Amino acid sequence: MIIPIQRLHPDAVIPQYAHGPGEDAGMDLRSVVDLVLEPGLPQAVPTGLAIALPSGFEAQLRMRSGLALRHALILPNAPATIDPGYRGELRVIVLNCGREPYAVAKGDRIAQMVIAR
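31 is the number of the first residue of the sequence shown in this note's numbering; add one for each residue after it.
Fair warning: there could be bad hints in the mix.
Computed spacing ranges between beta-carbons, pair by pair [claimed, not checked]:
| hint | residue 1 | residue 2 | range |
| --- | --- | --- | --- |
| 1 | I32 | L71 | 34 to 44 Å |
| 2 | V66 | L99 | 16 to 26 Å |
| 3 | E68 | H39 | 19 to 29 Å |
| 4 | R129 | R37 | 31 to 41 Å |
| 5 | D113 | L71 | 25 to 35 Å |
| 6 | G70 | R100 | 14 to 24 Å |
| 7 | Q36 | A102 | 24 to 34 Å |
Keep in mind that the hints were calculated from the coordinates and are not lab data.
Note that the coordinates shown come from a computational prediction; the quantities given were computed from them, not determined experimentally.
Backbone N, C-alpha and C define an ideal beta-carbon position, used for all residues, glycine too.
When you get a sec, could you build the whole thing from the sequences and use the hints?
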């Protein structure tokens with residue numbers, strides 16, 4: 031299946047499977063801005079991307095396990111659901127459950143996107 035993806039920001043990175051669609055369940059989503067995630071405050075991290083899912087499919091956004099383990103970052107609405115009719119920017123709601131601020135740099139992998147029926 032081919033999913034149309036639109037770059038809304040010139041620095042947006044098109045998500046890809048790291049090892050191929052048969053090997054990975056999810057594609058990495060990257061931040062398109064530098065920002066600091068303060069402890070206890072949810073923030074929407076922009077990806078600079080919009081997608082056009084076909085009817086009957088959804089995209090599920092999930093935290094990368096390494097970020098959860100090492101930095102106590104979570105998606106409070108995980109798995110976040112992107113409906114097939116949504117055409118706006120993909121933004122990842124992230125909550126820092128740690129004690130220290132966490133700096134996200136432009137281009138950092140922030141979440142995984144899984145396409146499901």
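* Hints violated by the structure (listed by number, smallest first) -> none
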